[in-house]
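K.L.:
Listed here are the chains, written in short residue letters.
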Amino acid sequence: MNNPIFWYKLAGAGLLSMCLLFSKGNTAFASSKQAESCSTYNESPMLADKVAAGSLPAVGDRLPDEPLFVEVAEQIGVYGGTMVDTTGGNRLAEFRHYGYEPLVRWSVDGSKIVPNVAKSWDVSDDATTYTFHLRKGMKWSDGEDFNAADIVFWWEYVESNKDVQSKPRGYMVVKGEQATVKAVDDYTVRFSWSNPNGLLLENLASPYGVRVVQFAEHYHRQFIKGLNPDGIAKAMSDASVTDYTQWWNSTVGSYGKQPEYNNPARPFVQAWIPREPFLGKEQFTFERNPYYFKVDTACNQLPYIDYRQWVLAAETEIQLAKSLTGEVDISRVNISTPANRSVFYDNMKQGDYRFVAADSADMNVANFQFPENHPDEFRASVYQNKNFRIGLSHAIDREELIDVVFLGQGEPYQVAPRPRSPFYSEKMAKQYTEYDRELAGDYLDKVLSKKDSEGFRLRPNGERFVVVIAVNKDFKSDWVDMMELIKGYWEAVGLETVIEVLSDATSTSRRGSPDNDIGLWLSENGAGRLPLLAPNDLLGSDEDLEWKKYHVSKGKEGTEPPPNVKRMLELIDQIPLVAGAKQNTVMAEFIELVTDNFPRIGIALPAGNYRAVSNRLRNVPEPLMEGWMYPGISPANFSTFYILKEKQ
Amino acid sequence: MKVSAGNASYRDLIWRRFKRHRLGFLGFLFTIIIYLVAVFTEFLAPHSQSTYKARDVYAPPQPIRFLVKYRKGEEMLQPHVLGYRSKVDYDTGKRIFVEDPRKVIPLGFWVKGDKYNLWGLFEFDRHILGPINPRDRVYFFGADRLGRDVLSRTIHATRVSMTIGLVGVALSLVLGIMIGGISGYFGGFVDLGIQRVIEILQSIPSIPLWIGLAAAIPPTAPPIQTYFLITVILSIIGWTGLARVVRGRFMALKDEDYIKAARLDGNRPMRIIGRYMLPNFFSHIIAVVTLSIPGMIIAETSLSFLGIGLRQPVVSWGVLLQEAQNLKSISTAPWLFLPGLAVVVAVLSLNFLGDGLRDAGDPYEN
Amino acid sequence: MVLFLVRRLSLMMLTVFVITVISFFIIVLPPGDFVDRIVLEANQYGEVFEQHEIDDLRRMYGLDRSAVEQYLIWLRNILFHGDFGYSFGWDVPVSELIGQRLGLTTTLSIATLMFIWIVAIPIGIYSAVRKYSLGDYTATFVGFVGLAVPNFLLALVLLYISFRFFGQSVGGLFSPEYVNAPWSFDRLMDLLSHLWIPTIVLGTAGTAEVIRKIRANLLDELHRPYVLTARAKGLKETGLILKYPVRHSLNPFVSDLNDLFVKIISGETIVAVVLGLQTTGPLLLQALKEEDLYLASSLIMFLSFLAVLGTLFSDLCLMALDPHIRRQAREGEMM
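Chains as they are written, first to last, in the numbering used here: chain G, 8 to 655; chain S, 18 to 383; chain Y, 25 to 359.
Think of the hints as simulated: they come from the structure by calculation, not from any bench.
Predicted model, so just to flag it, every value in this text is computed and none were measured.
Hints may be right or wrong, so weigh each one.
Here are the simulated DSS-like cross-link-like pairs (lysine-lysine), alpha carbons at most 25 Å apart as the crow flies [claimed, not checked]:
hint, chain 1, residue 1, chain 2, residue 2
1, Y, LYS313, Y, LYS155
2, Y, LYS313, G, LYS288
3, G, LYS480, S, LYS132
4, G, LYS356, S, LYS70
5, G, LYS458, G, LYS483
6, G, LYS126, G, LYS182
7, S, LYS70, S, LYS132
8, G, LYS480, Y, LYS313
9, G, LYS393, G, LYS480
10, S, LYS120, G, LYS494
11, S, LYS132, G, LYS483
12, G, LYS182, G, LYS483
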């Protein structure tokens, strides 16, 4: 006892046991930390009953060995309830509210790509090979195994199958070479090309990537002509269809087309699945998928919500009314406009919902494009002159416009990546946005100096130079208001402006017409790395066909573009072919050229978006994010939303 | 000399009968008023139809006040409205308007205002009622979503809406009488063929027909051309009813003795139709025509609602109502529905007028 | 008589055939087709279709063929297979869509018709009997206001009132919990509680015409000698009016019934669009806007057929009631 070594040993032991004690205690309190694994899983009572009755395997057998753990926005939820949504009658699976379950996906804030169906992946240094690791034990909604064979099947028999689709989607083809998709083993699949594919992950995380995991080999082989010739011949004659592609599209469907989800026998990986055909119905319900591969951090199998219901509502005012009465749980983006905010506010108590702020992934509320290849040579030369665009840009009172049309939300902005994007350039975003009529006049004088007695600018022959802006009023009603204001600003600096208000119908018939004048369009893909996916949106105009023809045909057709445009087109081709640091360099050069060229005029950075979310729906992250290539608001993890017990 | 039924002229008798029908008479008065508004549009409207003030988006109506209070406590009699101070409140989504007692906008009659071309003839800039300072703006019935004066726009729309009715009805009338007359007079295969065509036209549901015809209007057509084509569309559907009535009457009259006499006399068919048969039911035609106009007005609003009618920058009641047709307007800016009131008054007036005319039309009835 | 029927029926067929041709080509001829719509709509939400995808879509919908070919195929399918084609927008056979909505359309039309009768007939009678009185003016005014207010406006206002002040559900003739439920008393009550808006909107628009007709007819009748005789004989006024003049003045109703019915069916489109009802009107409107070729053509054909049938029906009724017309038909004067 008087031996000092004994006391040291005791102290050491004591210290050690204290450490052990505290470490064990820490895991018990870490309810919000990512659980590494679970010894048991919990499931919805609805499924537990079925397990007890013997019609469903136990939850541990239904989940993969390594399920995807999802963090919740507020707190661990409760099971049960029905979430209600509206649909316009077409395109149920439009990915923004349903259907987004790809191989890899965007993080909630859109800043990076994170695992979804794939648990991890490796990319070769030269970006020619992508190896995805799937989840062992993951199952389709009918209980069958999900493995690499399903993805290979998708590639060989659907995407690159000429009977089904004449060509695969662009991101699977690099320099004319189609991908080689191989199953390395049951749970590892490899995509490879001879050349680098710089944007594969971003494309796989977009709505165009969901198709990769939509075709269960064991179920879909019966629909493939080469694998089941007799069965298909009979099915086609039964349906009196002679064209295989037509039959395939109406029976199997792909890429978000209606028939895709109209078949309850088809296996899915989504959280909610159909139990009966729903097309044409006024109201229909999807049920939870017992084999969904995600769990929350407390080892509860997701989703929390048992059912998802859709009601038919084609008219926007009806969609709005349904949100106002609280029937619908999340208002759709098309009715959650600045104009409607006051109506939402007035009915908030009665409808029992709250505002949830949303960010936009868009670069701009709208942009003006100038057809630089217009058949009228004089007009083309005016549009090709940068001073013309600069002048018009300075003539716009953006602050007033934002105040009037967007409830004061947003800031003056050009067509440029958003502030938090790695490709943000302050010069690109803010150049020429000051409202200065005199300066505008000076710039315009450099292009169209002749004016008539009323101050309107003239062509060399003495006629007024008139610009025509076509607006589709059925698409965005606030664009019509914006254009009225723009007309005022531009006429104040002497440019006669005609606003053509078109409906959907007439807009369609005018597409691609070479006579089209100034174009007005969206500016999307501005957040995070999204600008990489649509660099064309930063270029001059979708209708610069002569220059594009030249570039695509390598000089055989079309007109030669000026050197800076040529370079921009070259860079656009390069972007998908390089990866990592090289990709950033190419993009940086592209951004600089665009900034210098100033091909499009932007108006304002979108801000102030919102959704009306019913108070009974929880775990909705704030802010939400809108977009397309980032299919907002799907990545907000609908599977973690839950409905308050007392309001189920 | 007291006029009695025995010695009064035809016209006097009709007028007397007409006055008895009080509603009809009221309708007549209001119709005259509305058409006067259509004629003197620019003079009657305080502002032009398109000037706007961006800060006055959805401004509520300004009540007319009469006493101006000065700081010393003095009061002066001067009709005026108070200008607005406004601020956007993002949370509630509303623009809050507060009357500013320091912004007195005096009103007057015969004031100088927005310039206009009276009937395309000469420039003028006086307005019957408006702000004394031409740069001020007054919103008796509030402002719309761009800050344009609702009253002015409604008044301007009167001209378009009331004349579309006229032009359309005139076309229908001509078509109806011609075709119905030919059909009824000649009978036989001519009649058969025309009846079949009428039946076909009447059996096609109106909306697809409208949409189909509207799709034929080139979208790049200038507004006036669009206006004209819309009236043609409206009349293409309208003439069938009148044609049937005319035909029926013609068939009845065909066998009358005096018509037979006229034919034997060697009169050409067109002369017989025009000189002998038409005057017989002239009053009936007038009544039917008057009653068709409101139908045209309502049809124009429906076409605008469907998105296939008139469009900006042309303003008609239909165009204005279509802009107002949303829940936001009902709950936060109900003054935008003033054009609806105008439609009601116009349609009612014309209907009662037509009823009165028809009732009065046959003075020898009893 | 038989000859008359045969002639009429064959003419009917001809009429309907011509209408199908007209309606089909009205839709097909303007530039742009359903696939263009899909692409436009998709573009608005940021999607981009690659050209081969657009070509594939055209092939899938059979829109890469000529208009005449498409029409003949459609006609052949109807005549030989009873197959009205496929709806591009809904991805279901046309017959399924029409069948589903027919019930509600019919219910609404009948309810409107009844509303019109219940409101218009008493007003019309009163107005004729008490001509030029204050009551006449008031009643007529009320009847006509419905005609004067544009339908879409009235519908939207009533919609707003119904959910803001009565807490009713919107966008259909049933509350969400009753949409797919089996029939029961509660479901019927729910239907009635939603039916009032479209019925009132459509009904008020139709009452004016009916009031006018009744008033005019009754006024004509009231001047007939037999009425004078009955009065002289000392019969009480009310009974006298109801017994004969009113019944006679209702005769023209038979001929106008189908007209009214057709007007209601085509008039309900705008109201149903505003209220979000699942009836045939909005279906047709959407089909036309989207150039959903077979759905639109089938619906137009169907509605036209109803209209033509209605004319025949009313002519037959007229013949049953009025011997003069029977004679005309027999002698071939009436076609």
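K.L.:
Check each numbered hint against the structure and report the violated ones by number, ascending.
P.N.:
Numbers 1, 3, 4, 5, 6, 9, 10, 11 and 12, in rising order.
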